[in-house]
Every structure is written in structure tokens, then in C-alpha cells.
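Fit chain B with the ligands to the known structure of chain A by using the hints.
Chains as they are written, first to last, in the numbering used here: chain A, 1 to 398; chain B, 1 to 287.
It should be emphasised that the hints constitute simulated quantities derived from the structure, not laboratory data. Note that the structure is predicted; figures quoted are calculated from it, not measured. Beta carbons: idealized from backbone N, C-alpha and C, even for Gly. Treat the hints with care, as some may be off.
To be verified - DMTMM-like cross-link-like pairs, simulated, lysine to aspartate or glutamate; straight-line CA separation at most 25 Å: (1) A/Lys204 <-> A/Glu184; (2) B/Lys51 <-> B/Asp267; (3) A/Lys248 <-> A/Asp28; (4) B/Lys225 <-> A/Glu46; (5) A/Lys318 <-> A/Asp268; (6) A/Lys293 <-> A/Asp262; (7) B/Lys225 <-> A/Asp53; (8) B/Lys176 <-> B/Asp275; (9) B/Lys176 <-> A/Asp262; (10) A/Lys388 <-> A/Glu267; (11) B/Lys225 <-> A/Glu45; (12) A/Lys366 <-> B/Asp26; (13) B/Lys205 <-> B/Asp57.
To be verified - Derived CB-CB ranges, DEER-like: (14) B/His122 <-> A/Asp288: 54 to 62 Å; (15) A/Asp394 <-> B/Arg24: 53 to 61 Å; (16) B/Gly73 <-> A/Val285: 32 to 40 Å.
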Amino acid sequence: MADNTASKTKNSALTGNSAMALAMKQIDPDVCAVYPITPSTTVIEEFSSYVADGAVETEFVTVESEHSAMSACIGASAAGGRAMTATSSQGLALMWEMLYIASGMRLPIIMTTVNRALAAPINIHCDHSDSMGARDSGWIQLYSETVQEAYDNLFQAVKIAEDERVLLPVMVCLDGFITSHAIEVLSLITDDEAKDFVGDYTAKHPLLDTDNPASMGALALPDTYMDFKHVQSDAIAASKEVVIEVGKEFGKRFGREYGLIDTYQLEDADVAIVILNSAAGTTRVAIDELRAKGLKVGLLKPRLFRPFPHAEMVEALKGVKAVCVLDRADSFSGFGGPLFNEVRSALYDMEDRPKIMGRIYGLGGKDYTTENAVAIYEALFDVVKTGKIDTLNDYMGS
Amino acid sequence: MSTDAKPAKKQKLSVPFDYSKYLRKDKLPHIWCPGCGHGIILKALLRAVDKVGLEKDDICMVSGIGCSSRTPGYVDFNTLHTLHGRAPSFATGIKLTNPELNVIVTTGDGDALAIGGNHFIHTCRRNIDMTILVYSNAIYGMTGGQFSPTTPIGSFTHTSSYGAMEPPFDTCEMAKAAGATFVARATSYHVQDLEKTLKAAIEHKGTSVVEILDECPVYFGRLNKMRSASQMMEKIEKEGTVSVKQAENLSPEEIGGRLLRGILHHDTETAEYCDQYAALTERAQGK
Ligand SMILES: Cc1ncc(C[n+]2csc(CCOP(=O)(O)OP(=O)(O)O)c2C)c(N)n1
Ligand code: SF4
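With the rest of the complex left out, here is chain A (with noise of 0.2 Å):
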């Protein structure tokens, strides 16, 4: 990343949560309605520090449940309020019916999702089952590789979701301990700095706007449902705009600049892997390594998979040879886990696209080495010289 000259910031070492905790108290939303659950459960009993040493305006609500969290979410932000909360795997779960109220009614809930597996069998570590299966929910949905790129998505999430072309909820997704536990150095921003870049939020049409009355989530029928729907999808196809542009302004206040993919070494690379998250850092390593040798290997890492980024995908993989991209979450007998498909498809149109396969890794918190890495090169190596793929998809190291 680049340097951070640009800001009075200064480093320190935090563990994701508690980032994303500092984030959220330097954000400092209305009301923040919450339910404990692992990995994530720190990122609010360290909110909950700052509300009850007055660090915050925030009204801090526990309730009862995941379900009524995101209720109590979308509540407040429908009242006006910018509203935010955390959660992981079965507590994501059981927010789905509100995840597509909050979306269809346009509100900028903002929600840190610390990845973990779906039970059954029950299972408290990493993987991305939890965020992928929202994927269709019309969430805005960034994945964060390091603390601080987790931490600096927090912000910038707000500023995504409540622009006004864009309206839409956002959740900024890390891995489930082991980005939201380690503890890594990071650059942070003034809470002075932080205020100025969200601003403040003032919704259009708030329901305590008693002088001008609104209605949400009104009856549509059939003459009106698909047109709400396409409205919808318009919105969060446009809001690749805005997170370009946000990325941007925060690369210019901060020296740490976004875009919707990162990339590493993909220049002249003959083979890549695209990955998201924390694995991406474990791939780098790998790529170092193989790099030594001469091998001409690459790194494609979407920050942003909704709305994904089919075009920058095309453009950044042209010249590849040979892809295999890698799921950290399997869509059971679709075609391939989830990333795969999007990149599969993005690539059909191209010409000279590369020859692309597809591999589950990393379930329920199962390593991913350099190792891993390295094979899944020699592998793609293979393709190129035989211009054949063996095994189209599949599961990695189980």
C-alpha cells in the first residue's frame, strides 16, 4: 500500500475487531442494534466500551436475536438514522427476510460480517458460506484481505451506501479469526479525520419526517413489483461509480487508494489465481516465491463482489493463459463455487480468454498454505503446456 504522508495518521496494532470497533466509534452511528455470535462478538463488546464511556452518541440496543438486529437496523435507518451492526454465519443467516427488506427499501445499513462457516456440522472458523449465500440479497458486499484494509472499508462503506445514487445497504466482510483475531499493524485515521470523510447523514425521506409523510415497503403487485426490482438492480449496477469514487477520495485524504480489484504481479503473468480476502496475502508469498524462480505467476483479488466487476476482471486477465479461481464457499452442484461462476462468465465474451478452473478450499477455517498456492500454479502450468484442464472443479486438500 502506499504511504500515508497525506494524513495525521499514526500507527498502532489492533486485531480486526477491534478495528472495525474504532471504526464504527470514529463513525459514530445513531443507533447500533446488535446480538453476540464468534468471530464477530468482539467487534461489539469492544463498541459497547466506547457507548458506555460516553465515547460515543451512539443508542446501543442488545436484543434478543440476529433477526430482530437487523429489524431494530432497518428501523432506525427507515427513522432517519445511520444505523449499523456485526455478525457472522448462522446470526447472517437468520437476518435473510431483512437483509432484502433493508435492501428493497433502499437503506444505508451498514454491517461488518465476520465470515465464518454455516453449521451443520457446527463449525466457528472461516469461510465465505455466510456472505456468498447473501450475495443475491442486494447488498453491497466488499471483502477485506488485512485489518486495515477492513478497517479503511468500514468508512468507506457509509459513504458508498448513503450517496445518493446509491442508497443500498453494505456489508464489509473479513475473515473470521483469522483477520477479525490477529493482531497486525495498522495506520488509523484521526476521529477528526473520519468525521470530515462520512460527514453527517441526513435522510430524504425519513418516516419521522412528520410533515412529509412516507410509506415503505408498501404492497407492489405485479404491476408495480418488477419495476421497484429493476430500479433496484439499476442502483447497484451504478454503484460501481461511487465505489471507484470513494476509493479514490480516500486514497487522496489517507494514501491508501481502492479500486474494485487489487492485483499483484498480473502484468506479464502467464498463470493466476483469483481469490478473495485474507488468502490473497498467502498467495503473494507464493507468488514471491515462484517469481524467484522465474515464473511468470499472478494475483487477481476483487474487492468489491457486488456489484461484481466483470469488466475490470476481463481487463485485468487479458494475456493470462490459464486461471483456476478459488471459493471459499461451494454452491453445491452449481457450476463451480460462487467466484468461479461470476469469473467464468465475465470471461466468455473475451477473446484469447485464458483456460480457467475452479477449486474449494479453506472450509470451516481448513489452512490455506503457500503450499496450497504453489500447487495450484504447477497446475496451471500444466494447462498451459498441454492445453487441457483434468479437472474442471474441485475440492482442494480434502
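Relative to chain A, chain B with the ligands alone:
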């Protein structure tokens, strides 16, 4: 020890209860913290099951999520570990499919009354034959000490730094009002009563709810300045309760804020759900 030197004639030998026949030994040691009340409840339950004379394979134990809900992992019955708050609904499906099974639900106050409150009351309302043990430690233990729907007003937890503000549920009153036909309160301090109560609960046909006051020294104890598990047991379970029998001779003033302990409600008249269901089926089929 020189016990063998004593005359053997009048000595009553108490054979230690063999818990091992009911336990999955490969799953031990358990996850519970030292001083946690959950282990005491497990042991009392196993003794009660033994006294009732149930076969291991005729029992199905179901739980949600929480420290308390880890209980089924350790017992050698048919067991189902489900979702946070949903155990009574899973159990309802099991019981309806196989009414011969003895269904026992182990749940926490958070599991049963917060996220699962709705399932809890509707299970009671149906009066379906199962025994629900609510391990009531007034806190969410597993997620690190947040307040629950049974946390007394003023108590400190990680989400009530200035003392809990919300009024707690009375688990037993709620179960009774919702329609459970056997409702009792026990504690992990009064272990013999606990065993007897659990036996009666299992033997009752219909929804039996037993709220068991136990302790989470790690979170509730530490945050509320109770130095040890035994101090918690004395304060909350011993001094904080009075048996139904003792209460008969006490005025409301004398009972004060203490909770009643023992069988609080036992209705043997109301029809049980599976029986009703079978009768309805017969009627509908014109038999
Ligand atoms: C849908 C969902 N939300 C949150 C959780 C996290 N969670 C696990 S156990 C628990 C609380 C358990 O408290 P209680 O039932 O009182 O049991 P104890 O641990 O105190 O025995 C919570 C909130 C979860 N597993 N699933
Ligand atoms: S955290 Fe509390 S409830 Fe959980 S095992 Fe430890 S003492 Fe028991």
C-alpha cells in the same frame, strides 16, 4: 485411610453411581469451566434417567447452542445438536415422528428465552411430551458474558456495564402461562432435590419445564463480585430460593424476593399433543 479397620457389620456401603455407562468417554474432558454449574446438572440428569429406568437408546437428547447446549455431546443417547434457540422445534419433529422416544431438551436461558423464546412458548402451548431443562445462569456464557432475559435488574454483564436495565422473565411463570403441564424450579446447589425433580419431570406426560438455577462463575460471578462458584451457589441458589414446602408456612413478606423451588405446577388432566394428534387422525379417518 483406615476404613477397613472398622467393623463391617453396620456400615452402609454407598456404591458410587456409575456415570460412565451413560457417557461418551472419548468426548471428555468437557468444555465447561471449573465451577460451572452445568456439570452438576448433567450428573443429576444421568442419575434421574437411571432411576426412571430408561434405556439409553430410547432417549433422544436435543439442544440448541451455548455452553449448556453442549450437554448432548457427552451423553451416550441419541443426540441432536441444533441451532441457537431452535431445540424445542427440532425436538417437536422428533417426538411427532417417533412418539415412543423420550425426548429431553437441554438449553440455556439465552437459548430458550431470547433467540428461542417463540419456540419455547409454542412448545409449552402444545403440551407435547418432552422434558425441557433450562440451565439458568442469567448470562450468555458461551459468547463471553452478555446479559440474557433472566439477568436480574442491576446485575453487571459485558453488555450492562452500569447494571442491567431490562426486567427479567420469570421462566416458570412463563412456561406455566404458555401451557406447560409440569413446571418446576431447581438449583445446582440442592442436588438431591434436582435429581428428584428431574425424575418427576421425565415421568410426566406432557411438556415439562425445569428451570435450574446454576452458575457461570467466569462471567456472571466475576462481573458481580462473587469470588467463587461456591459463593455464588450460596448466595443465588441457597439463600435466593425457598422450597415450596417451606413457603407454605411463610408469609409473602417472609419469602421476600426469594424464588420458589420445587414443583410449581403439575397438571395431569390436560391432553398431550401426540395423543391428541393420534385421536384426531382416527376421527378424521372415521375409525
Ligand atoms: C443465530 C445465532 N446467533 C448467535 C449465536 C451465538 N451464540 C452461541 S451461544 C449464545 C448464548 C448462549 O447463552 P445461553 O443459552 O444462556 O447458554 P450458556 O452458554 O450460558 O450456557 C450465543 C449468543 C449463534 N450460535 N447462533
Ligand atoms: S462460560 Fe460460564 S456457562 Fe460457559 S462453561 Fe464457563 S462457567 Fe459455564
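Verification of the hints:
{"no.": "1", "hint": "A/Lys204 <-> A/Glu184", "result": "violated, 39 Å"}
{"no.": "2", "hint": "B/Lys51 <-> B/Asp267", "result": "holds, 22 Å"}
{"no.": "3", "hint": "A/Lys248 <-> A/Asp28", "result": "holds, 23 Å"}
{"no.": "4", "hint": "B/Lys225 <-> A/Glu46", "result": "holds, 21 Å"}
{"no.": "5", "hint": "A/Lys318 <-> A/Asp268", "result": "holds, 10 Å"}
{"no.": "6", "hint": "A/Lys293 <-> A/Asp262", "result": "holds, 23 Å"}
{"no.": "7", "hint": "B/Lys225 <-> A/Asp53", "result": "holds, 21 Å"}
{"no.": "8", "hint": "B/Lys176 <-> B/Asp275", "result": "holds, 20 Å"}
{"no.": "9", "hint": "B/Lys176 <-> A/Asp262", "result": "violated, 59 Å"}
{"no.": "10", "hint": "A/Lys388 <-> A/Glu267", "result": "holds, 23 Å"}
{"no.": "11", "hint": "B/Lys225 <-> A/Glu45", "result": "holds, 20 Å"}
{"no.": "12", "hint": "A/Lys366 <-> B/Asp26", "result": "holds, 23 Å"}
{"no.": "13", "hint": "B/Lys205 <-> B/Asp57", "result": "holds, 19 Å"}
{"no.": "14", "hint": "B/His122 <-> A/Asp288: 54 to 62 Å", "result": "holds, 58 Å"}
{"no.": "15", "hint": "A/Asp394 <-> B/Arg24: 53 to 61 Å", "result": "violated, 34 Å"}
{"no.": "16", "hint": "B/Gly73 <-> A/Val285: 32 to 40 Å", "result": "holds, 38 Å"}
Checked against the numbered hints given earlier, the structure breaks hints 1, 9, 15 and satisfies all the rest.
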